[in-house]
Amino acid sequence: MGDLVWFLLLGAALALEVYARASGRVATLSGWVGGLLERRGARWLAFLGWAWLGWHLFARYTLR
Amino acid sequence: MRRRVLAGVCLAALAWAWWVSGLRPFRWSTTVAVELPALLVGWLLARRTRVPRTTTRRSGAGWPWLVLLAAAATRELVALLAGDRRRYPSLSRLVDALLTTHVERYVLVLAWLGVGARLVANRARAVRRG
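Line by line, the protein sequences are chains A and B.
Under this note's numbering, the residue at position 62 of the first sequence is numbered 62, and the numbers go up by one with no gaps.
Each position in the second sequence, counted from 1, maps to that position plus 1000 in this note's numbering.
Honestly, I wouldn't trust all of these hints.
Using C-beta positions, here's what the derived DEER-type ranges look like [as the list claims (entries may be wrong)]:
id, chain 1, residue 1, chain 2, residue 2, range
1, B, L1011, A, V18, 20 to 26 Å
2, B, R1125, A, G24, 34 to 40 Å
3, A, G49, B, C1010, 21 to 27 Å
4, A, V18, B, S1029, 21 to 27 Å
5, B, G1022, A, G24, 40 to 46 Å
6, A, L14, B, G1114, 16 to 22 Å
7, A, S30, B, V1107, 18 to 24 Å
8, B, R1129, A, G49, 22 to 28 Å
Calculated from the structure, these hints are not laboratory results.
Quantities reported herein were computed from a predicted structural model and do not represent experimental measurements.
Beta carbons: idealized from backbone N, C-alpha and C, even for Gly.
Extracted from the complex, chain B is given alone in its bound form (with noise of 0.2 Å):
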């Protein structure tokens, strides 16, 4: 039963990425049909129960990580100030570029579900360790 829920969430997912996907950008209908998974994922996050607080995931130096993310950040931030995008590309400038066809942004769309469905799973797991 609940991998046929899990299938059938999995393919619900497939094709409104495939739908949205082909939407066209800078539309107040779009913008709520993007941000339909983020209500569900928010719920999903907001569901009264307690998450016990545990180290256990905690193994190795975790500076690294953030000494690179303080790095893109002031990469970004230089983009945004310096107005001059072709020398200085912001990162959606880039990622624009794998956005031109349908089939790329429906791959990147899966991707970013991808991310919130780990948000959730992290969570899920978080409490069934409590």
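Okay, chain A solo, but in the shape it has when bound (with noise of 0.2 Å):
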């Protein structure tokens, strides 16, 4: 039940990509994140968030 609500937000993530490529009315994910990235601040902030996630995922992963 707890998983449902993240593949709501991935279908529902999915959907608004389609219907941005469909349309334009919408910007599509690369689109939206390309103009975030023009910034330097974001930049930096998406270069932190990036290698924070490597180290979260591939150095301190829980094998069950």
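Hey, can you piece these two chains together into the complex? The hints should help.
What follows is the structure in structure tokens.
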């Protein structure tokens, strides 16, 4: 049940991407992120988030 | 020449990803190995080149993505504050299930590297546009 929310969010993101490509009214994910990354601060924030994610996922994963 | 360099970088990335996805977690050596490409990406992003601000990439509204991002952040916060990870699993707990085998970790490490490469490519494109 708890996982359902994450799958709903993933489904919403996929639906939004399809709608963005079909209609052009909404930015695609890469278009939106690309626009944000033109700002220097956002670029560094994205870099820090990316570096943290690598550490969190691949240096601290838990085998079950 | 440029193609050969690119092919060499890709081969090195594939080999590095296979090696690093086989390391045991919760060790300093693993942390250092994982963050090696982050050092490279950080250096490439930090190079002193003026990046011009443009508005050519903006097309369509971006707020629905912001709403989704806020919803995901709220859900993650609920998972962290609730403490009951079975009832409210965090995103990383779900992803842990995809990290069980070496091959699965390899695929995810490659995807992570791809995002880092995209960050660098995005900046290089912005510099070229200027």
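Structure-based check of each hint:
1. One distance hint, 20 to 26 Å for the beta-carbon pair L1011/B and V18/A, is violated here, with the actual separation near 35 Å.
2. One distance hint, 34 to 40 Å for the beta-carbon pair R1125/B and G24/A, is violated here, with the actual separation near 21 Å.
3. Hint check: G49/A to C1010/B, Cβ distance near 24 Å, so the stated range 21 to 27 Å holds.
4. The supplied range of 21 to 27 Å is broken by V18/A and S1029/B, whose beta-carbon atoms lie about 43 Å from each other.
5. Separated by about 44 Å at the C-beta atoms, G1022/B and G24/A satisfy the suggested range of 40 to 46 Å.
6. Distance hint check: the CB atoms of L14/A and G1114/B are about 19 Å apart, consistent with the given range 16 to 22 Å.
7. Range check, S30/A to V1107/B: Cβ separation about 20 Å, and the 18 to 24 Å hint holds.
8. Checking the proposed 22 to 28 Å range against R1129/B and G49/A shows it holds: the Cβ atoms sit about 24 Å from each other.
Checked against the numbered hints above, the structure violates hints 1, 2 and 4; every other hint is satisfied.
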